[in-house]
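Enquirer: Letter by letter, the chains look like this.
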Amino acid sequence: MGQVVRPEPKNAARHVTMQARGDELVLTLGDLWRASTLGVLEPELAALEFATFRRLHIDARQIVPDLAGAWVLRELERRARAAGLEVSYELSRPATLALIDATLADTVDTPSSSPVEPDATSAIRGIGRGVFTMLDHWHRGLAFLGEISRRFGRGIFDRRTWHPISVTRHVHDTGIKAIPIVALIAFLISVIIAYMGAQQLRKFGADIFVVDLVTVGVLREMGVLLTAIIVAGRSGSAFAAEIGAMNLNEEIDALRATGVQPVEVLVLPRCLGLVIALPLLTVIADAVGILGGALLCHVLLDMPLVQYFQRVDESIGDWTFWVGIIKAPVFALLIAIAGTYRGMQVRGSSRELGRLTTVAVVQAIFLVILADALFAVLFMEIDI
Amino acid sequence: MAAVEVNAVEARGIVNRFGTQLVHDQLDLTVQVGEVFGIVGGSGSGKSVLLRTVLGLHRPNAGEVRMFGTELTHLDDRELRALKAGYGVTFQAGALFSSLTVLQNVQLPMLEHLTLSPHALDELAHLKLRLVGLPADAAQKYPAQLSGGMIKRAALARALALDPTLLFLDEPTAGLDPISAAAIDELLLRLRAELGLTIVMITHDLDTIFRNCFRVGVIVDRKLVSDTLDKIVDHPHPWIQSYFHGDRARRFGVHHGT
Numbered sequence: 001m002g003q004v005v006r007p008e009p010k011n012a013a014r015h016v017t018m019q020a021r022g023d024e025l026v027l028t029l030g031d032l033w034r035a036s037t038l039g040v041l042e043p044e045l046a047a048l049e050f051a052t053f054r055r056l057h058i059d060a061r062q063i064v065p066d067l068a069g070a071w072v073l074r075e076l077e078r079r080a081r082a083a084g085l086e087v088s089y090e091l092s093r094p095a096t097l098a099l100i101d102a103t104l105a106d107t108v109d110t111p112s113s114s115p116v117e118p119d120a121t122s123a124i125r126g127i128g129r130g131v132f133t134m135l136d137h138w139h140r141g142l143a144f145l146g147e148i149s150r151r152f153g154r155g156i157f158d159r160r161t162w163h164p165i166s167v168t169r170h171v172h173d174t175g176i177k178a179i180p181i182v183a184l185i186a187f188l189i190s191v192i193i194a195y196m197g198a199q200q201l202r203k204f205g206a207d208i209f210v211v212d213l214v215t216v217g218v219l220r221e222m223g224v225l226l227t228a229i230i231v232a233g234r235s236g237s238a239f240a241a242e243i244g245a246m247n248l249n250e251e252i253d254a255l256r257a258t259g260v261q262p263v264e265v266l267v268l269p270r271c272l273g274l275v276i277a278l279p280l281l282t283v284i285a286d287a288v289g290i291l292g293g294a295l296l297c298h299v300l301l302d303m304p305l306v307q308y309f310q311r312v313d314e315s316i317g318d319w320t321f322w323v324g325i326i327k328a329p330v331f332a333l334l335i336a337i338a339g340t341y342r343g344m345q346v347r348g349s350s351r352e353l354g355r356l357t358t359v360a361v362v363q364a365i366f367l368v369i370l371a372d373a374l375f376a377v378l379f380m381e382i383d384i
Numbered sequence: 001m002a003a004v005e006v007n008a009v010e011a012r013g014i015v016n017r018f019g020t021q022l023v024h025d026q027l028d029l030t031v032q033v034g035e036v037f038g039i040v041g042g043s044g045s046g047k048s049v050l051l052r053t054v055l056g057l058h059r060p061n062a063g064e065v066r067m068f069g070t071e072l073t074h075l076d077d078r079e080l081r082a083l084k085a086g087y088g089v090t091f092q093a094g095a096l097f098s099s100l101t102v103l104q105n106v107q108l109p110m111l112e113h114l115t116l117s118p119h120a121l122d123e124l125a126h127l128k129l130r131l132v133g134l135p136a137d138a139a140q141k142y143p144a145q146l147s148g149g150m151i152k153r154a155a156l157a158r159a160l161a162l163d164p165t166l167l168f169l170d171e172p173t174a175g176l177d178p179i180s181a182a183a184i185d186e187l188l189l190r191l192r193a194e195l196g197l198t199i200v201m202i203t204h205d206l207d208t209i210f211r212n213c214f215r216v217g218v219i220v221d222r223k224l225v226s227d228t229l230d231k232i233v234d235h236p237h238p239w240i241q242s243y244f245h246g247d248r249a250r251r252f253g254v255h256h257g258t
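Protein chains in written order, with the numbering used here: chain A, 1 to 384; chain B, 1 to 258.
Do not rely on the hints blindly, as some may be mistaken.
[To be verified] A short list of chain A residues far from chain B (calculated; beta carbon distances all over 12 Å):
#1 D136
#2 R154
#3 M380
[To be verified] Derived, one-sided and incomplete: chain A residues facing chain B with beta-carbon distance under 8 Å:
#4 L38
#5 G39
#6 E42
#7 D66
#8 A68
#9 I100
#10 S349
[Unchecked claim] Beyond 12 Å from chain B on every Cβ pair, some chain A residues (computed):
#11 A82
#12 I127
#13 I148
#14 D212
#15 V323
#16 E352
Think of the hints as simulated: they come from the structure by calculation, not from any bench.
Every residue, glycine too, gets a C-beta built ideally from N, C-alpha and C.
In isolation and in its complexed conformation, chain B is listed as follows (with noise of 0.2 Å):
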């Protein structure tokens, strides 16, 4: 990529508070253009909190995030909409919209913020769905006739429908069988080489994270310990450690550091 000085996404002294249980605290976090970002944590550490908080779709009690230079957090409702149009997001159980086909799920973002001819919402709606990788039959289907492989692509294919920049994947291979799931990191690395896309992930899948991640951070003691994937996995902290190096680890030939 070129020389940007400005990063993807930015966060500063990030602080989640719910009731008296602390999530984040002091959290860091900066993601730079074009890179695979992998966000790694306990079930229970606030991967997904930390995510909305980034989306903009949970204000944080403390700190400040930016993407793409702008501070988000004190937006307005209209700034906060164009900001939208420029990422794309999934969600872990992918989140499509179950009275609509796959086709209209996709097409949906469009006619929220695009002005498009009839003839270029459909094509580009099915360009969409190619890509990903879905048969043009899936295109007219519900999302309850989907698998669970279909469903993460036809979420894929919905945060691609802007066109966008940046995307978010909350567990993009969560509950594939392997190799559909190393179809979707295929995918997924394709996008980006080929469309210059900047990925933030959260996932648990191991091989996902030593196929596609640059960098990786990960959730301990409620901050985010960021670097990138051959210096984290000799981090001391005894849950990375555990983490990278327990029985599911070894398979990937990491060898112990220090």
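Looking at chain A on its own, in the form it has when it is part of the complex (with noise of 0.2 Å):
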């Protein structure tokens, strides 16, 4: 029975000796009929000709063959008997070759899994397919924000459904914990945009303009952008996956079995978290980006620190700041509305946790974009 566990050899003896006896056809079967040496059995039978003979008799007596090397000879066995032969066994059939029989006796056949035949409207099904199943999509997302906002709006006086301990937690997790990056971020792309910029005021002598360049850019729009996309990176990935997996453990219907609901433990605490997260780590990435234009500033163009303070004192209006934090908390509500719906639907399978986290932070990255532009639309009309 070891021999299973040793590496087979290569070369070994012939699997079936091939002998002619008038219209028999005589098969001494020798070696190891086994899964491990199928791929050389294989094409050994396969190249046998049944064409001149009447009758095929199989001496099997020196093998032991397990199911594998039972299915090829039964698989033989069959194509013989289609090939008009009589099959006998020298003593006897293995008997593996038994046990298949049984087993597949009430089989009545093995499914077809033949793909559907494409025709000419399958495409244009396919494409209504599509629009119904994004419209269902976009229903369900409303649903979902729906439900949210009941499920707030009725306890909103009502200390529990904030959740404080579980709140913190998350503004943690997805504000404290992200500082380092965001900063780094906001700092790099502020030193960007001011050398760009310089290199192009410069031409004109208009260098002190650099400085509007950084604080209005920064202020209005990099810095929260830039800081709701690394935070979709994050915590979009994060709140998909960790209630994805919940839902694959059974963990989401075990505490709706408990009369808990899951969008009031799962889902407000981590947008409420978010909401607050967010537009605490903008201004922090505002403040970042302001003194990484500094420091270009002051080495590259040799701007005194004085002068650049003043300038940006100067340059930022009464809405500036407030342009870009307005937006923060609108855009932390969507990424966590994309990272926690996407979560809840993972059903079944590794894969699909692995899609539905990918699907969420695509999401909230678009989102998070489009709704950008339509505040860029929505401040030029009135004005700010």
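Reassemble the complex: the two chains are provided individually, in unrelated frames, and hints are given to aid placement.
Expert: Here it is as structure tokens:
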């Protein structure tokens, strides 16, 4: 029995020895008839020709086939019978073949998995189905948003709805822990803006406007947008994966069965936590961005720091800072909802978990940029 | 079985330690070729760790494990891979790959270890599924769509994919109703008889032990006490006594020894 463990010899002796005896073909089987030798066995048997024979006699006394080996032998039998040969054995047929016969006796037919033939209308039907699936997704997404609002609105004066401990944890995980990366990215981006601006504006001798460029660019747009995109990648994926894994583990069902609404304990705290954390992160990104601009202006344009900050002060309008910061809670809500909603959708397999986590991040970033565009139009209309 | 001197599994002086917690201390395990060996022990006594050690998934702090005479604690990756093609294993929760259909689950080890024509691959996988008693329509289902009993069967079919001579089963009947459990037991006995398998199973199910096992090993005090089934029930150790002679055991008519 031990031979399965050891690697099989590469150049094994022949599994089949042929001998013609009039119209009878005699096969003497030898060596290993096992799953591990099937790669050699199958082609060797496929090469056998039955055409000129009437009877097939098999001597299987030397082999102890396992299931795979017996199956190959049974296939050989079938092929011989199909070619009109009579099959007989020296002494007896190996017992394993009988086991396969018994196992497959009540098999009707292995279900054919032939794909449906594509026809002319299938492309159109595919598009139609896609549209309806998309509409359905939007509908469900809105319903999810509705449920969150309803749960929050109903218990807004109840301290328990706010889940202070849970919210604090999420502010810590999504906010405080994200400070280093957000600060680093804000710094680098403002350096890039300042550098690019300086190169162009220097041609007109308008170096000083680099400061306006950095200040307005970072405060109004870049600070909040980049922070939101980083948070979407960090926390949107974490929300989806966390809740998705809980779903696979039946933890969500366990919550429901305990009479606890998953939306209340899993979704709301994450939304609230992120709505608190993202504006704070944005403030940090704004500050670091302006400092990054200061560093570059000082080093590259020899601008005294006092002059830089004076100019910053002049270029900031009444609304410059607030236009950026107002957007943060909205972005936070979009990211949190995309993440938690996709997490709640995970069903069945680990592949779904990966797929929906990806979808959550891509959708969160898309929604953030879409919302930013809408804000831009809105702010232009109301002239701030 | 033929008189083969070498044992299917032989573990000597196994020591497993996690931090300060000593799980196994100089534990010995012998499984003879062709037998059904049951491993029993209280929760947290290290049954699964022992199984993982024997499978080569966990390296013990001390001791050696031989499978059909091959010492496996110092094998390199390639040798270990060849060894792993020689045994089949099922895990407690099935551990079917959730993104593959049942059929693909059974085919995965075949694709990894064997050279097969697509026809043989399909037919052999279907054969294994039929052998463990799964209906034909289960082949195209995903694990999430299966019932507990079907998952156990599918896991067994995957364990049998490479026609191993040695089968390790971690709680093959846990969580099943008595009728499904009995069906699995019957299936295992049939496979053992017709394919000459050696089976090592971890189980808590007294029914399964009394129906299947030739010999039983009980993990007590970080060691394995093993003997034939009719002798082990009379072992004086208090845990073994209460295990085999507790209320749950009474209905099997086990009598107090000595």
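Enquirer: Report the numbers of all earlier hints that the structure fails to satisfy, in ascending order.
Expert: Hint 16 contradicted; others consistent.
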